[in-house]
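Colleague: Sequence:
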Amino acid sequence: MSFQALVDTSSQVAATSKRTEKTALLAALLAPLSPDDTVVALGLLSGEPRQGRIGVGWSAISNIDAQPSATPTLKIATIDAAIVALAETTGPGSASRRAEQLHALFSAATASEADYLKRFFVGEIRQGALEGILADAIAKAHGVPGTLVRRAAMLSGDLRRAAEAVVRDGRRGLEALGLTVLTGVQPMLASTSTDVAEALAATGPASVEWKLDGARIQVHRSGDEVQIFTRNLNDITSRLPAMVAAVRSLPVASVVLDGETLSIGGDERPETFQETMSRFSQDSPDDRGLRPFFFDILHVDGRDLIDLPLHERLAELERVAGQYRIPAETTGDPAVAATVLEQALSSGHEGVMVKGLDGLYQAGRRGKSWRKVKPVHTLDLVVLGAEWGHGRRSGWLSNLHLGARIDDASGTGSDDFLMVGKTFKGLTDELLRWQTAEFPAKVVSESRGTVSLQPHFIVEIALDGAQSSTTYPGGVALRFARVRRYREDKLLSEVDTINAVRKLLKERPRQESEKNDSSQ
DNA sequence: ACATAAGCATC
DNA sequence: ATCGGAC
DNA sequence: GTCCGATGATGCTTATGT
6 MSFQALVDTS SQVAATSKRT EKTALLAALL APLSPDDTVV ALGLLSGEPR
56 QGRIGVGWSA ISNIDAQPSA TPTLKIATID AAIVALAETT GPGSASRRAE
106 QLHALFSAAT ASEADYLKRF FVGEIRQGAL EGILADAIAK AHGVPGTLVR
156 RAAMLSGDLR RAAEAVVRDG RRGLEALGLT VLTGVQPMLA STSTDVAEAL
206 AATGPASVEW KLDGARIQVH RSGDEVQIFT RNLNDITSRL PAMVAAVRSL
256 PVASVVLDGE TLSIGGDERP ETFQETMSRF SQDSPDDRGL RPFFFDILHV
306 DGRDLIDLPL HERLAELERV AGQYRIPAET TGDPAVAATV LEQALSSGHE
356 GVMVKGLDGL YQAGRRGKSW RKVKPVHTLD LVVLGAEWGH GRRSGWLSNL
406 HLGARIDDAS GTGSDDFLMV GKTFKGLTDE LLRWQTAEFP AKVVSESRGT
456 VSLQPHFIVE IALDGAQSST TYPGGVALRF ARVRRYREDK LLSEVDTINA
506 VRKLLKERPR QESEKNDSSQ
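Residues 6 to 525 in our numbering are what the first sequence spells out, letter by letter.
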């Protein structure tokens, strides 16, 4: 593929917002593929180049023409900041003019930047970047059903594998791709329900399992060989030696398990998510504080289990790894499920998963037979500022800076506020229009895409909880904050206090000595 | 040598 | 992660 | 039902700046 064709197509892909058009453009790119080709398909990523690093974004393209095509590989590259910036900053003009601009920028990139980009752009697809569209495009280009491409990609954990298979062997090659032990499978995801009754109504009789606040793990074992993957199929085997040993001791020759890992304290209660992440992310770790909890099994001793109903998989899981099973109860009764939820919460966990007993393991899908249920908190907070949005939100004030009220012991009502987080979620186009129209009247200053506002607008925020923070002045930050609605009926004195936010911090269990102290 | 920022990961 | 919008 | 795009907080490792 020529550089020019690449630039032309990427510009077009960047310029259209219609999924079908993107698919068609990419399919045209992929159609002339032969097994000897190295082909570059373009994904378009969100975001803008980080300040001072724009030069990095461009040098990628200069290397693409030079890629050797020694092996019959379909290479899918994603063009990140380069194409976004190309579309947004160069304005109208011929593709060749844009190409010249790009070349000028490439030459300004340092050697390390170019090296980084080679790794990043060529031969790698960033997780989640337009994969659906790319899968459709690949299917279209080769005249096979999209579902086949997707299934192959999910089970082999990698769109590139599926693409290679169609290019080389057509439909038959796709159909031959399946679950392979020691190769990551895209994990099944869950949809959300507001309460256990709603979840059970959707699933029917279910396994109601504690939802633990840790990191997803997928464990493969074949003989003595063990591989552990994250949710995005990153290989973290070397970071978890104790877990590898535990898996080696299971009474099987080969197995694929799905679960969660987190840090559990001496009192058997979970540590904070931050603590878990600290242990989980360290490169030279002692992972003994990290415990595995498994909730599914995809393969055992030569048998794939993904197309068996959940209750049969759970029976296998119990047999193979019963000691590591996540706490769960099977029921169709909402009252029983509610009790399980209460137990999970009072034990310090996040909520429950409700999983239909007849459901199959739908790799990579947000299965309707898996529902997560977590309690939702709400707070009334004040808007301290807002940021101008990007992409489809450009021209609108989008991301809100949220403040909690400082408690006032004098009782006269304070109007001082501490920032506790930001959110852009939950805003409809109508709300974006509204706040973009209303906020300017209260602006006190503006700099670098952020406007500061007098405390005036009060907004109801839904959130999952709070976590300790070193970046915010009150020492707490919101977790997964989203806008519910504006509260024009509320007074500033009714804004929730910083202490109310702090109460949402996960409470650590008290030590025995403290319990004794407090009872005196 | 040390401090800060970028980049990527988890949720 | 979550959410709204587009398909 | 799915996918995409726009962004949240935080921790660790590595690159860059002084």
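Since the hints were derived computationally from the structure, they do not count as laboratory data.
Treat the hints loosely; a few may be bogus.
As the list claims (entries may be wrong) - Ranges between beta-carbon positions, derived for each pair:
1. A206 <-> R177: 21 to 31 Å
2. D420 <-> R507: 18 to 28 Å
3. G400 <-> A202: 20 to 30 Å
4. A202 <-> D363: 14 to 24 Å
5. R236 <-> A446: 20 to 30 Å
6. D288 <-> G400: 11 to 21 Å
7. K447 <-> Q472: 43 to 53 Å
8. K495 <-> E180: 55 to 65 Å
9. A206 <-> R236: 25 to 35 Å
As the list claims (entries may be wrong) - Listed below are the simulated SDA-like cross-link pairs for lysine to any residue, each with C-alpha atoms no more than 25 Å apart in a straight line:
10. K427 <-> K447
11. K430 <-> R253
12. K508 <-> S283
13. K377 <-> L509
We treat Cβ as the ideally placed atom computed from N, Cα and C, and that holds for glycine.
Colleague: Take the hints in turn and mark each one as holding or not.
Modeller: For each hint, the structure was consulted:
1. The hinted window of 21 to 31 Å between A206 and R177 is violated, with their beta carbons roughly 42 Å apart.
2. Remark: the range hint 18 to 28 Å for D420 to R507 is upheld by a beta-carbon distance near 19 Å.
3. G400 and A202 have their C-beta atoms about 42 Å apart, which leaves the hinted 20 to 30 Å range violated.
4. At about 19 Å, the CB distance of A202 to D363 agrees with the hint of 14 to 24 Å.
5. Checking the proposed 20 to 30 Å range against R236 and A446 shows it is violated: the Cβ atoms sit about 44 Å from each other.
6. The given range of 11 to 21 Å is broken by D288 and G400, whose C-beta atoms sit roughly 43 Å from each other.
7. Under the hint 43 to 53 Å, the C-beta atoms of K447 and Q472, about 29 Å apart, miss the expected range.
8. Between K495 and E180 the beta carbons are some 59 Å apart, a value that agrees with the proposed interval 55 to 65 Å.
9. Evaluation of the 25 to 35 Å hint for A206 and R236 yields a pass: the beta carbon distance comes to about 28 Å.
10. For the hint linking K427 to K447, the alpha-carbon distance of about 18 Å falls within 25 Å, and the restraint holds.
11. Distance check on the hinted pair: K430 and R253 sit about 43 Å apart at the alpha-carbon level, beyond 25 Å; violated.
12. Of the pairs offered as hints, the one joining K508 and S283 holds, with about 23 Å between alpha carbons and a cut-off of 25 Å not exceeded.
13. With a C-alpha separation of about 20 Å, the suggested pairing of K377 with L509 holds against the 25 Å cut-off.
Figure legend: structure checked against the earlier numbered hints; hints not met, in rising order: 1, 3, 5, 6, 7 and 11.
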